[in-house]
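S.K.: Those protein sequence lines, which keep their order, are chains G and C.
Per the numbering used here, the very first residue in the first sequence carries number 1; after that it's consecutive.
Per the numbering used here, the very first residue in the second sequence carries number 1001; after that it's consecutive.
Calculated from the structure, these hints are not laboratory results.
Since we're looking at a predicted model, the values are computed, not measured.
For every residue, glycine included, the Cβ atom is placed at its ideal position computed from N, Cα and C.
There could be a bad hint or two in this list.
[Claimed, not checked] Listed next, the in silico BS3-like pairs over lysine-lysine satisfying Cα-Cα at most 30 Å (straight line):
hint	chain 1	residue 1	chain 2	residue 2
1	G	Lys-57	G	Lys-215
2	G	Lys-223	C	Lys-1699
3	C	Lys-1652	C	Lys-1128
4	C	Lys-1225	G	Lys-6
5	G	Lys-111	C	Lys-1445
6	G	Lys-272	G	Lys-223
7	G	Lys-158	C	Lys-1614
8	C	Lys-1698	C	Lys-1614
9	C	Lys-1442	C	Lys-1696
10	G	Lys-236	C	Lys-1447
11	G	Lys-343	G	Lys-325
12	G	Lys-272	G	Lys-283
13	C	Lys-1655	G	Lys-215
14	G	Lys-343	G	Lys-412
15	C	Lys-1652	G	Lys-158
16	G	Lys-117	C	Lys-1167
17	G	Lys-111	C	Lys-1614
18	G	Lys-159	C	Lys-1661
19	G	Lys-158	C	Lys-1391
20	G	Lys-215	G	Lys-283
21	G	Lys-6	G	Lys-158
22	G	Lys-57	C	Lys-1583
23	G	Lys-223	G	Lys-233
[Said to hold, decoys possible] Just so you have them, the derived chain G footprint on chain C, three or more residues with Cβ under 8 Å:
hint	stretch
24	1257-1265
25	1414-1426
26	1567-1576
These are the residues of each chain, in order.
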Amino acid sequence: MKNLPKILIIAAGVGAFGYGVGVFFNMSPPIMAGAMAGLTLLYGFLLTKQHRAPKEKGFFKNVMTKIPGVAVIAVILWFGSGHYGFPIWWQIKFVSFSVVGMIVFIILDLKTMRVEKGASDAIVRLIVTYAFPSILFITITAQLPQFNPEHELAKLNKKPVTTFVPGPEAIAAGREIFESNKCFNCHKVFWEGNSDRGPNLGTKQIGLYSVDYIKEQILDPRKKQSPGFEDKKSKKAMPTYYGEDLNEAELLSLVSYLKTMRDPTHMPVEGKFPNQWTWWDDKQILEEGKLVFEGKEPATEGLNCAVCHGADGIPMMTGAFDFRKPDNPDTDKMADHMDVTLKDFPDELYYRRVTRGVDNTPMAPWGSIFPHLYLWKAEAYARTFHDPLDKRTEKKPVPPIPTKEEIERWKKDGLFLDPLL
Amino acid sequence: MPSSNVSEQKPLSFKLILLALMVYGLVHLSPAIPWVSPSSFLGSLGPQTVLAEEEDEEDEEDDEDEEEDGEGDGGEEAEGEEGAEGEEAAEEDENAYLYDIGPAADIRPMPEIKDGGGYKFPGLGNRKATWGAAQLHILFASFILGCPMFVVIMEVMGARRTQGVRKAVILANVFMGVLTGVIIGIIGEIIVDIHHGVLYGLWACAFAALIISFLNYFHVCMNTKMSSIVGGVVGTFFAYLLVPIDHTTIPAILLAFVNGAVGGFLSTAIMFAEADYKFERLAHEITKVIGFCYSFTALTGGLFLFIMMVAYKDFISYLVTAYPILFMIGYPTLFILETIVLYIYVYSWEPLNKTNRKGRHIVLGVVLNILGLSLLCALDGPATFMQTPPKPYDALFTTMTEWDRIATMTWMPLNYHRLVGNGTFGGFMVGVISAYMYLWSKDPKEKEYYDWVGYMGNFIGVLFMIPLPAMGYIFVREIYQYDATIGMYIMSDRESMFMLVQGLLIATMFTASNVYMWVSMKRIENAHRFFPAMKLGFVLIIIAATIWFTPRRFFATMLPEPGMNPDMVLPDNLAFLALMVSKNTAAFALVTVTLINYIFYTISTRTGKIGWGKINPLGPYILIFMGFTDIWLMSWMGTIRELSRMNWHIYKVFKDVTPEKFAPTLAESGVFVTGVVWTFFIVMTAIIWLGIKYPKTKKAKAGETPAAAPQMAE
Chain G
1 MKNLPKILII AAGVGAFGYG VGVFFNMSPP IMAGAMAGLT LLYGFLLTKQ HRAPKEKGFF
61 KNVMTKIPGV AVIAVILWFG SGHYGFPIWW QIKFVSFSVV GMIVFIILDL KTMRVEKGAS
121 DAIVRLIVTY AFPSILFITI TAQLPQFNPE HELAKLNKKP VTTFVPGPEA IAAGREIFES
181 NKCFNCHKVF WEGNSDRGPN LGTKQIGLYS VDYIKEQILD PRKKQSPGFE DKKSKKAMPT
241 YYGEDLNEAE LLSLVSYLKT MRDPTHMPVE GKFPNQWTWW DDKQILEEGK LVFEGKEPAT
301 EGLNCAVCHG ADGIPMMTGA FDFRKPDNPD TDKMADHMDV TLKDFPDELY YRRVTRGVDN
361 TPMAPWGSIF PHLYLWKAEA YARTFHDPLD KRTEKKPVPP IPTKEEIERW KKDGLFLDPL
421 L
Chain C
1001 MPSSNVSEQK PLSFKLILLA LMVYGLVHLS PAIPWVSPSS FLGSLGPQTV LAEEEDEEDE
1061 EDDEDEEEDG EGDGGEEAEG EEGAEGEEAA EEDENAYLYD IGPAADIRPM PEIKDGGGYK
1121 FPGLGNRKAT WGAAQLHILF ASFILGCPMF VVIMEVMGAR RTQGVRKAVI LANVFMGVLT
1181 GVIIGIIGEI IVDIHHGVLY GLWACAFAAL IISFLNYFHV CMNTKMSSIV GGVVGTFFAY
1241 LLVPIDHTTI PAILLAFVNG AVGGFLSTAI MFAEADYKFE RLAHEITKVI GFCYSFTALT
1301 GGLFLFIMMV AYKDFISYLV TAYPILFMIG YPTLFILETI VLYIYVYSWE PLNKTNRKGR
1361 HIVLGVVLNI LGLSLLCALD GPATFMQTPP KPYDALFTTM TEWDRIATMT WMPLNYHRLV
1421 GNGTFGGFMV GVISAYMYLW SKDPKEKEYY DWVGYMGNFI GVLFMIPLPA MGYIFVREIY
1481 QYDATIGMYI MSDRESMFML VQGLLIATMF TASNVYMWVS MKRIENAHRF FPAMKLGFVL
1541 IIIAATIWFT PRRFFATMLP EPGMNPDMVL PDNLAFLALM VSKNTAAFAL VTVTLINYIF
1601 YTISTRTGKI GWGKINPLGP YILIFMGFTD IWLMSWMGTI RELSRMNWHI YKVFKDVTPE
1661 KFAPTLAESG VFVTGVVWTF FIVMTAIIWL GIKYPKTKKA KAGETPAAAP QMAE
């Protein structure tokens, strides 16, 4: 214990270094500092305690002494990883590595190997030395997930897209272009895809935007960053060469596919996972929505919600929905009436009422006239009459990502009012 | 003695004839291809025709494409003989008779074939035949590039510091300074994000080494502390002068100072190192093996070229015409010079030792390394051109020069990566040689010696392996900047499982290296005091390996293809485990634990008695295991790099239209790479036996001393 002060000083120094590393690389400085200081202390303790010469054991004795410990670790890893949501392959992997660890420790504690008795001994050992890694590497490469080259060949042998005719074929071609250019690597499309380096184009509902805007985002991606992706790394993430790589027909096909990315049941979502938000709570969107609501948005010329609902929320027309009253019920003039009041309106209901209108009232099906992008913005603004942004104590939760089945239902139920192309 | 000299002359002349034939073939093949005659078979292999043929094959409907201008280098017209437009042009050309080679123009020497469409290599197929030949060639080439680095270091360490040797050490130190500077500089560039970190490192370390070595030669600045300080200042000064930057940053100055200090320190340490004859003997023995490997490099290079000429004739012709000066002048010149210098180096060892000219031999060794590295850099040009051809593509053969086509975006990163990779290769191959010789030796003194050689091989291998991930990182970073699609194909698409295997192999290498240290320490007195701490290190290694082996998803493509399980994806909240930040932390842990264990090992060797020759018999097998794994890993990474071009011979410039244009599966690649590595090791085993063991046995029977003749006194 006489070395304790020295060890503590070194551990503190290493901890400070770890903190600096954490700050520099933006990797949780306190955790880095704690981990490095803790490990240093552990090393210090192990180096200063009294040691006996290591006890070497034969192979079987070695295995028998280590199995109980490894079994406990494996069980903890199995259930622990399951508890934290790791899929089964990862659970198997963790347990496998505990076995690998056991093998390493068996080798460490193994009795000194006997010297070769003759050339044949050495030859056998040499063959085993070469065979062991060979079998190991062949087994690993054979057991890991494989792909079927036939699928790649089929893609490679496909005729390139040279003409563009709007329709399902163009959408399918666009999807293939999206895949072959590895867009899924950074962009999720609802549940599909690999990471959140870029926005989830499904929940962001890129399909709401104009063709020109989407094209610009592909060809000149650094001109305007998606909200929440303004950091230095994200700004440089999207490649700028797609303009050179894609011909016009390919670009239009890709845009056609992107235009299908819509969600008629939820407000668009912005931001980088896990720091995301919906348009309901987006100050910028609410300002833009105000322009639409008050008939000042050039893109929706002819649409003026304030004429009936009032620029300050006080309805100007008898029967117009009053957005100031959170307990206002849903209209009973529609067959799809929902038994909810305004404060609990699901996104889907807002969207339906605005895009499809209300039968036998001046509320027209605006969705068949104006781009839905602006209608969502106007809806987000309308909510502020009974729920002002500056009075909100918490944001609306980001909705769960729709499943494949839900998307199929939207199409089947005709929830998209305008054609997707 | 005379008899042994005669026996050594035979293989030399045989090898020289063989190499001369190779060089003759290379020199006469490359330049001849596009210029023989526009209408001849070889003339039809020019780029214009190649592209036109490709267009014909791929899209018969695009008739207008056939008329587009070719991309002939240097303005020459390589007209296609099968195009109707070629006939019209010939009729119009008044000077056509000057190029008419007679009936041979109409009688084709070979059936008209497209790449891979005609002949198929028996048993393997064209791709695997090329793949195997290329990898074997690279492996032998790495040996003859990696081992001379090791040998020169060892030779300098083993040479007594005569006046001549000290002069030579000045040059050797500068060479060492360049290598060290590049390595430290890259680490600074990557980890601390210092712009031009490599250049700061290189200039600072090299100039510090040069100046301090000179001062030391004249007995000024004699101690390491002073040398480090002076080296730091001098190095910073020169780096500041030579690095092309707008403004200097404090981290850059610090990096330059550190590099200068390292250069100064190492120069002094090397200049005044106490000579140990073991190093001299080690260097000499390895050199004998290098000679054999050089022949195999040439043989496999020839094999590779010949296979390419049949299997991918259009492509190889295109590639050759992209580098007329390199393939006509640069490559043959370097190749010939390296051959000459190598054989002089190998066969002048003993004569120069005996005549007290060790310094000259060391200079030869440095020159050999410079030539080898130049050759490596020269051929990295076409290799990286295939992966990242400079943009815009339509200017490739118009405004761009041959140098532009060599100095691609990934050229320097690949040079760095291969340079350090070859260093690792050299270290681990020395480990393999030592293991074999340990097993084949009966004399306890020999066993002691080869036990020590294994220690040195492992030391150098691990030393170079530590910065290797940084070199790989900078290479892939450039690939991402060039075209992120390639990067994504490697990291998260069809090669993602290949990369997972890479992680496992690196973890295996580090684990094996640490196990070797553990086993070695068992023969050192009192070393067991470090064992509990080392066991903690092993726990960390296993955890780091587990993290490295954590993929984002367990299917082999970016999106699940038919037959794959789409649910095998990590949930978003756990995805961080599969990101680079986690992998980098794991790599950092592996490197740090290995360094700590190495420090324990070094302390043990200095404070306890080492039982050389009494290593646990497991030790030599671990060295072989590490060598095998390292070379398997190297072949695997080569496979990954080549496959990352997808269905392109030259990415987005020259498409692979052969039936084998798809990526082979992980399982198929695993078996094939294992086959290649086995072939290499079988040949290497024979070479080690022929190069070291057999002459030793012969000399022992003749009653001579097995070791090389020591350096003469002044």
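S.K.: Take the hints in turn and mark each one as holding or not.
M.R.: Against the structure, the hints come out as follows:
1. G:Lys-57 - G:Lys-215: Judged against 30 Å, a Cα distance of about 69 Å means the pair is violated.
2. G:Lys-223 - C:Lys-1699: Violated, because 75 Å separates the two Cα atoms, which is more than 30 Å.
3. C:Lys-1652 - C:Lys-1128: Between C:Lys-1652 and C:Lys-1128 the Cα gap is close to 23 Å, so the pair holds against 30 Å.
4. C:Lys-1225 - G:Lys-6: holds (26 Å)
5. G:Lys-111 - C:Lys-1445: With Cα atoms ~25 Å apart, G:Lys-111 and C:Lys-1445 stay inside 30 Å; holds.
6. G:Lys-272 - G:Lys-223: holds (18 Å)
7. G:Lys-158 - C:Lys-1614: With a Cα-Cα distance of about 64 Å, the restraint between G:Lys-158 and C:Lys-1614 is violated, given a limit of 30 Å.
8. C:Lys-1698 - C:Lys-1614: Judged against 30 Å, a Cα distance of about 26 Å means the pair holds.
9. C:Lys-1442 - C:Lys-1696: Distance of about 12 Å is within 30 Å: holds.
10. G:Lys-236 - C:Lys-1447: Measuring from Cα to Cα gives roughly 57 Å; hence the hint is violated.
11. G:Lys-343 - G:Lys-325: Satisfied, since the Cα-Cα distance of roughly 8 Å is no more than 30 Å.
12. G:Lys-272 - G:Lys-283: Holds, because 17 Å separates the two Cα atoms, which is no more than 30 Å.
13. C:Lys-1655 - G:Lys-215: holds (28 Å)
14. G:Lys-343 - G:Lys-412: Given pair G:Lys-343, G:Lys-412 holds - Cα atoms ~29 Å apart, limit 30 Å.
15. C:Lys-1652 - G:Lys-158: Roughly 17 Å separates the two Cα atoms, so the pair holds.
16. G:Lys-117 - C:Lys-1167: It is violated: about 49 Å lies between the C-alpha atoms, which goes past 30 Å.
17. G:Lys-111 - C:Lys-1614: holds (14 Å)
18. G:Lys-159 - C:Lys-1661: holds (16 Å)
19. G:Lys-158 - C:Lys-1391: holds (26 Å)
20. G:Lys-215 - G:Lys-283: holds (26 Å)
21. G:Lys-6 - G:Lys-158: Distance ~69 Å between G:Lys-6 and G:Lys-158 Cα, so the pair is violated.
22. G:Lys-57 - C:Lys-1583: This hinted pair is violated, its Cα atoms lying about 35 Å apart.
23. G:Lys-223 - G:Lys-233: holds (15 Å)
24. 1257-1265: It is violated, with 0 qualifying residues against the three required.
25. 1414-1426: Violated - the stretch 1414-1426 of chain C has 0 residues with a Cβ nearer than 8 Å to chain G, which falls short of three.
26. 1567-1576: Contact hint for the stretch 1567-1576 of chain C vs chain G: holds, 9 residues under 8 Å.
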